[in-house]
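The primary structure of each chain is shown beneath.
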Amino acid sequence: MTNNFAFEADSTAKKIHIVREFNAPIEKIWKAWTDPEILDKWWGPKPSRVETKVMDFRVGGTWQFAMISPEGQKHWLYAEFTAIENGKSISTKALFFDGEGNPVNSGPNWYRDTRFTSIEGNRTRVNIVITYEDDATFERFINNGYFKEGTAIGYNQLDELLASE
Amino acid sequence: MRRDTFQAIADPTRRAILTLLVTGAMTPNAIAEHFDSSRQAVSKHIQILTECGVVTHTQTGREIHYHFNPEKMKEIDIWLEQLRKMWMDRFDQLDNLLNEL
Chain A
77 MTNNFAFEAD STAKKIHIVR EFNAPIEKIW KAWTDPEILD KWWGPKPSRV ETKVMDFRVG
137 GTWQFAMISP EGQKHWLYAE FTAIENGKSI STKALFFDGE GNPVNSGPNW YRDTRFTSIE
197 GNRTRVNIVI TYEDDATFER FINNGYFKEG TAIGYNQLDE LLASE
Chain B
46 MRRDTFQAIA DPTRRAILTL LVTGAMTPNA IAEHFDSSRQ AVSKHIQILT ECGVVTHTQT
106 GREIHYHFNP EKMKEIDIWL EQLRKMWMDR FDQLDNLLNE L
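Chains as they are written, first to last, in this note's numbering: chain A, 77 to 241; chain B, 46 to 146.
It should be emphasised that the hints constitute simulated quantities derived from the structure, not laboratory data. Do not take every clue at face value.
Claimed, not checked - With a Cα cut of at most 25 angstroms, we get these calculated DSS-like pairs of lysine-lysine:
hint, chain 1, residue 1, chain 2, residue 2
1, A, K107, B, K119
2, B, K119, A, K91
3, A, K129, A, K117
4, A, K169, A, K104
5, B, K119, A, K90
6, B, K130, B, K119
7, A, K169, B, K89
8, A, K104, A, K129
9, B, K89, A, K90
10, B, K117, A, K90
11, B, K130, A, K150
12, A, K122, A, K104
13, B, K130, A, K91
14, A, K117, B, K89
15, A, K169, B, K130
16, B, K117, A, K91
17, B, K130, A, K104
Claimed, not checked - One-sided and incomplete, this derived list gives chain B residues near chain A with beta-carbon spacing under 10 angstroms:
hint, residue
18, D137
19, Q138
20, D140
Ideal Cβ positions, reconstructed from N, Cα and C, are used throughout, including at glycine.
Please build the complete structure, drawing on both the sequences and the hints.
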């Protein structure tokens, strides 16, 4: 069954739209997104994993977790819930922090809005919009060792990037 | 002021200059001819592109030619590709987990 995955960046790569469909009812998907025990099992992209330190799921509350590399290196992330519509949507602003509750740089680094929709066949569609606040965010990801060297993709995407307004 | 690849492509004129330079190296005059803005404004954009590292220049006698530097632009592609893969992997893991929930 197709999962209709889509990943699109705007021309400045500051806003990213992600769509994905899951073969499960919305209640189950909502739980997977909000229960820290479940989140820890899938949020960390292999070979990294995620370990939740604090999950306070309410507006103004935070999800504090470490992204742990296979070498055991921890990158702390801190997401504050800015809006929650129960069973429908979650908005967060996120930043890197030192693991003790102090941001490693001032201000939020990126915002994420996640919307859940029931679709035919007892399935769920998830729409995510990530907005990066400033140009420096991407470099911070790189500098934090969040991503290591990758494979460059074709220039056709660059053409699109340059052509789009 | 710090410069990065994102700043290079944040402005439509700069994107247009990059598109021109993808087709081949050009002198500042030749670039400026393509735009209604003043030569000075175009020069400023070229300067920013150079500072961002996406454009380099060579000098032959009194002539300066600006070149597109694709290596630098790859940073954005690499970043987006990494991010895309991260979300794909993450979602695949959730797919596998859903059977157990």
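Verification of the supplied hints:
no., hint, in the structure
1, A/K107 with B/K119, "violated, 38 angstroms"
2, B/K119 with A/K91, "holds, 18 angstroms"
3, A/K129 with A/K117, "holds, 14 angstroms"
4, A/K169 with A/K104, "holds, 24 angstroms"
5, B/K119 with A/K90, "holds, 16 angstroms"
6, B/K130 with B/K119, "holds, 16 angstroms"
7, A/K169 with B/K89, "violated, 35 angstroms"
8, A/K104 with A/K129, "holds, 23 angstroms"
9, B/K89 with A/K90, "holds, 23 angstroms"
10, B/K117 with A/K90, "holds, 17 angstroms"
11, B/K130 with A/K150, "holds, 20 angstroms"
12, A/K122 with A/K104, "holds, 22 angstroms"
13, B/K130 with A/K91, "holds, 17 angstroms"
14, A/K117 with B/K89, "violated, 50 angstroms"
15, A/K169 with B/K130, "holds, 22 angstroms"
16, B/K117 with A/K91, "holds, 20 angstroms"
17, B/K130 with A/K104, "holds, 24 angstroms"
18, D137, "holds, 9 angstroms"
19, Q138, "holds, 4 angstroms"
20, D140, "holds, 7 angstroms"
The structure fails hints 1, 7, 14 (numbered hints given earlier, in ascending order).
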